[in-house]
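Keeping the supplied structure of chain H fixed, place chain X upon it in accordance with the hints.
The listed protein sequences derive, respectively, from chains H and X.
Quick note: to get the working numbering, add 6 to the position in the first sequence (first position is 1).
Quick note: to get the working numbering, add 141 to the position in the second sequence (first position is 1).
The set of hints was computed from the structure by calculation and includes no laboratory data.
Remember, it's a predicted structure, so these values are computed and weren't measured experimentally.
Glycine included, C-beta positions come from ideal geometry on N, C-alpha and C.
Heads up, some of the hints might be wrong.
[Unchecked claim] Which residues of chain H face chain X? A partial, calculated answer using Cβ under 8 Å:
no.: 1; residue: ARG98
no.: 2; residue: ASN165
no.: 3; residue: ALA269
no.: 4; residue: ARG270
no.: 5; residue: ARG313
[Said to hold, decoys possible] Below are the BS3-like pairs computed for lysine-lysine, each with C-alpha atoms no more than 30 Å apart in a straight line:
no.: 6; chain 1: H; residue 1: LYS267; chain 2: X; residue 2: LYS408
no.: 7; chain 1: X; residue 1: LYS393; chain 2: H; residue 2: LYS356
no.: 8; chain 1: H; residue 1: LYS210; chain 2: H; residue 2: LYS90
Each chain is listed here by its residues.
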Amino acid sequence: MKKLLAVLISISVLSACSTVKRGGVFDPETFTLDNGMQVVVLPNHRAPVVLHMVWYRAGSSDEPQGKSGVAHLLEHLMFKGTPKNPDGLFSRKLAQHGGQENAFTSLDYTGYHQTVATDRLEMVMSLEADRMTNLVLDPKDVKTERDVVLEERNQRIENNPGARLRVIANQTLYPKNHPYGRPIIGWRPELAALTREDALAFYKANYAPDNAILVIAGDVDVANVKRLAKKYYGTIKSEPVQPRRNLVTTTAIKGGESILKDARVRQPVWSQTVLQPSLTNGDNVRVSALEVLNEILGSGGTSRLYRSLVIEQKLAISTGTYYDSGARGDGHFVFYASPRANVDLDVLAKAVRTQAQKLIDQGLAKGELKRIKTRMLSEAVFARDEMKSGAWAIGSALASGHTIADVEDWPERIAAVTEQDVIEALKAVLSEPRNITSKLLPLSNTKEGS
Amino acid sequence: MKFIYVFILSLLPFAAHAVDVERVVSPGGIEAWLVQDHANPLVSMRFSFGGGSELDPQGKEGLAHLASTTMDEGAGNLDSQTFQGSLTDQSITVRFSAGRDHFSAQFRTLKSHEDKAFELLRLALNEPRFDAEPVDRLKSQIEAGLKSDEENPNTLAIRALFKGFFPNHAYARRAKGTLASVRAITRQDLVNFVKMRLALKTLKIGVVGDVTPKRLGELLDRTFGALPLNPGPSEVPDVTVNAQGRTIVIEKDLVQSSILFGHGGPKRNDPDFYAALVMNHILGGGSFTSRLYSEVREKRGLAYSVGTNLYPFEKTGMIIGRAGTENSRVQETLDIIRAEWKRLAEGDLNQQELDDAKTYITGSFPLRFTSTSAIAGVLVAMQENDLGIDYLDKRNGYISSVTLKDVRRVAAKYLKADHLNVVVVGKPKGIVSSP
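Only chain X is shown next, with the shape it has when bound in the complex:
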């Protein structure tokens, strides 16, 4: 059936402009979402496999992370320096990263080196060497990072927060591992990781750039075609965030305390997700206008950075906020944050705030589309979250239809000031850990 080379199943306009997402299926059946952009002679691709660091075996925490840093350190006949030299000299980017729920990659090449670039990527995915030299070297770099983490307020805070949130779940484990667990990882562990986890069934691909669907189909088959269909067995259960208003103080000799606070929130597939997005924007979202920004920073000068975010993981959802303030003002800052949490939970919200939040969330979305790689990232996220190929067109509708009633309902459901778990790293005055 050679003549049906590539299926283009849908063509969709975005914001009346030229971001048309095409669903490309290669002759071998590999799917990618593509935005053609022939303005510049380059191709950007991002892709991810299901399962991230939460699937690392007990005692081998940090395996996915170590694999992500060593897969591009030699493959096929090419040792580490030859492989890296090929990438650098031809300005090819191949970079892997391990998240909690996904194992992801960024790839970018000039059109003129396209064949070579995809070949190097194929090698990294299918025949990584994991030679002793690069693995030892990367382990020593990771170990140095882990030691520094012991003094990094943000890392310490997020670890403690997750430890409290997930007492018996893989999310509490350290994505980069511990000194002992990283040392325990063998070459065979890395080989098994690649064999068991990089499988077609969970692969999501986004491509943007100077490439036609037909050509992309060829490249996809060549690059990914030899991967196994199914990943090895894995089971990570859904989990509810365990937040009951506990406070943890990690004493460090710092002038400024780092504060993290949070509790459960909606998952990405929650029907209330969009209402929660609007709610979060009003409470602590990313412009210079949120309630926390205004009350903590603008009016009182308590902190330089303060804000909240939704964290929709695959198996759970969270709302987490952060602030940094002088040790003597931590209590005051936390009081204000809790008061704002409560105020919104009780439904104190007007139409203007809702409208402003909605126009911000819809209006700022296209601002992400400023490079080929950034757009490819959006295409992958759409697939990971089952948002549909028409999501770019539908998103504004999802946001616009959120009502005052929705936000009040979602705020009452999710915002529980008394349940906020708080971690403070520093020497906060008058604050002690919960018993």
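Isolated chain H, as found in the complex:
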């Protein structure tokens, strides 16, 4: 059942972080190098393995107008080489040592990570530090890699009606020219026109130690990490970086409905995305209340929406909510549902609204808040079980302009949420004018028999 839900609501195109459960107390060690590079260490000694990540405070929302896709193209090009490690030697060396690696680009940040045996940490640090400022790009490689990214775009967006609808909806949800309104991978014509010079300009403007965060999790001790971090990253010259633009919006938007009809859609999906505060806005009480609300209303097979629409009324095959509080700009609260055969999407939308209103009118059931909070707080234990959870949670928070305290104080903030907070948060969601409805529909309107 869970899997099906995941397939139908798979949302973020590239934003790797939205799936990471917020943990609780990871107890990180942190320090800053003289050149301004922040370092976070999360010791975990289960296996002789270490995860090494460098996060840059630069994502697709930092791209210059007209150059959409350049943050992500650069992420690909970072594997090409430096004078010291030319022609993809980075990946070859890493693989020779049994290491695994990848990279990701989101709206707010770009990250590079490797998992290696503990005794290979130094090698990885020397390689990653080298490519922070010494990247060399051959125009031919840039052209070839651009083709790779165009194929990636085909795979992720063009071949996927749900992804195409999300692109259309985001464009409508944010004011004109707002960077969150364009796809991370870029508009096709802009992406196809990107050059070596565009990539290098973005690199020079954003890749510097004082704009980066080093996160290391696993079988390490802090003193040793400190020594190595100084040796490899501490010697890189700091480069003052332009302050990042304000992304939080207050402007009214067009709103309304985004509809995509496609012959390949066999199962319609309805969703409503509502702009809400993220941790950026500083209203952490509201953020925590929205997290609890999300859990009560739309998380999993025992949530209010699922129970009412799927089990009792048999209108939907799946429904729920989710809330992203991690963005540097606005957060968003999303309702979604997918109908049983012959159920109209407007009927679903109305049923979702009715359940939300019922929560406002009747309040929480006895013991409901305590039960929900207990189960949310248990997640902290599970988050610590996975070596990478803390690294992702803290890395993404810092790269989005949030603080370690935002991550570490999470259990206290959740514990402090009151029923009143939850109801206020829901009222705010329902009355927010900056929202958009998305409908994914089959091409023909012929009703299918069940």
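Coordinates of chain X only, in the frame set by chain H:
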């Protein structure tokens, strides 16, 4: 004989670190492989029963899958919402899944809810209710998924590939069933499934976490003790992959074609398995350095994802690769893939490539051990494949002893460019299905 409560038959170090695998046998004779980890107050368990979707009866394809999604929807006195509520509120994970050859489960609980969690698992295994409401609901979800699958390029491609590979074998049938077969499954079918298929004889258990062998022994007996010893009769014959170089085009209005290609490969118990693993790594394995990655993506920008994998099923073995490329460049991509297939089959391979592949395969293995559940999964796989409790220590040796001669021999034996069956979903230019 109460005093011999639990036998600990072996204690083995792994990579000079603290992954010690213990063989625990409960008082009732149920075996589990255990790695104790007291760092965090939780217990993770994975287990599997022999036989997966390939044992679904004719006309009831999708039975194992439907059982996997409904066994946790009410059991004993607890209806679906009460059962699911107990799991969620106490942060207990009980999740079943049906593979081709095994019926598997994932289980995880906080130490503080251990008793309750194992009790819920016992109920799901022994007394699932299969009430009409959850069964109908899950069927409607599965049906929606099956309809969407009709437009999913990857699903369409793998179906067509297997249909060609296994003309008269259960592996060609659909693990999630068809609209008709799922509708045909009755409550009695689900009840029979549980009774006939979940038996102690084929049960393999891996446990990692904050639990002692003695305590685990108690929990195992309590949870699994009432299951029957032997499963119902079943017969799935071994099968050879039928690949003769056929091409199938499934026309869909897509910008990018999804391509699958493959033929027979070694089974897991093949003496050449490790040499084949090294061979696959060089050809199309999972780092950014394989030949296909380099030739198709890095040098020519033809695809975002390209690679190959070994698929050692219980009754057969396969090598399958995939790529996605613009419709006009499918032919070029396939030509390159076939050329690389041929080059390796002809023995074009040097010592450096072999050494790099071996250090990658040995060096990356411990990277899997990053959560209790992941380690439990490895413990189950070791048992399913009869690898021995000392496998974690022996694996490096198996890989290191692979020679150039071995890889060349295995490549010549398995890599047959002319035999590759190819499925393309999209509108590939200049490619048509074989007659």
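Legend entry - Structure-inconsistent hints, enumerated in ascending order: 6 and 7
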